[in-house]
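Engineer: Using the sequences plus the hints, can you model the full thing?
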Amino acid sequence: MKRILMIVDSMLFAFIFLTAFSFALSVVLWLVEILGVTIWTVAKTLCILVINVMLSLLIEELMEKLKRNE
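Residues 900 to 969 (our numbering) make up the sequence shown, in order.
Everything labelled a hint here was simulated from the structure, so no lab data went into it. Do not rely on the hints blindly, as some may be mistaken.
[Stated by the list, open to error] Between beta-carbon pairs, the in silico distance windows are:
| # | residue 1 | residue 2 | range |
| --- | --- | --- | --- |
| 1 | 938 | 902 | 23 to 31 Å |
| 2 | 932 | 909 | 33 to 41 Å |
| 3 | 917 | 959 | 15 to 23 Å |
Idealized CB from N, CA, C, for every residue including glycine.
Structural biologist: Now the structure itself:
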């Protein structure tokens, strides 16, 4: 179980960097008004970034609880 959680946590950590880059890119494209990027697209990307961070924090907390119970 712990090994699976470590793999999932690593994947989420990679997704955090990917969505952070996507968020930065969408903000720049929105500010420059290229490719029809709207503020709604920026908000959705930010929401996905926040969800990824929260999932990563929750999995880290679960891993700590499992470590304490062993």
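Engineer: Identify every previously stated hint that the structure contradicts and give their numbers, smallest first.
Structural biologist: 1
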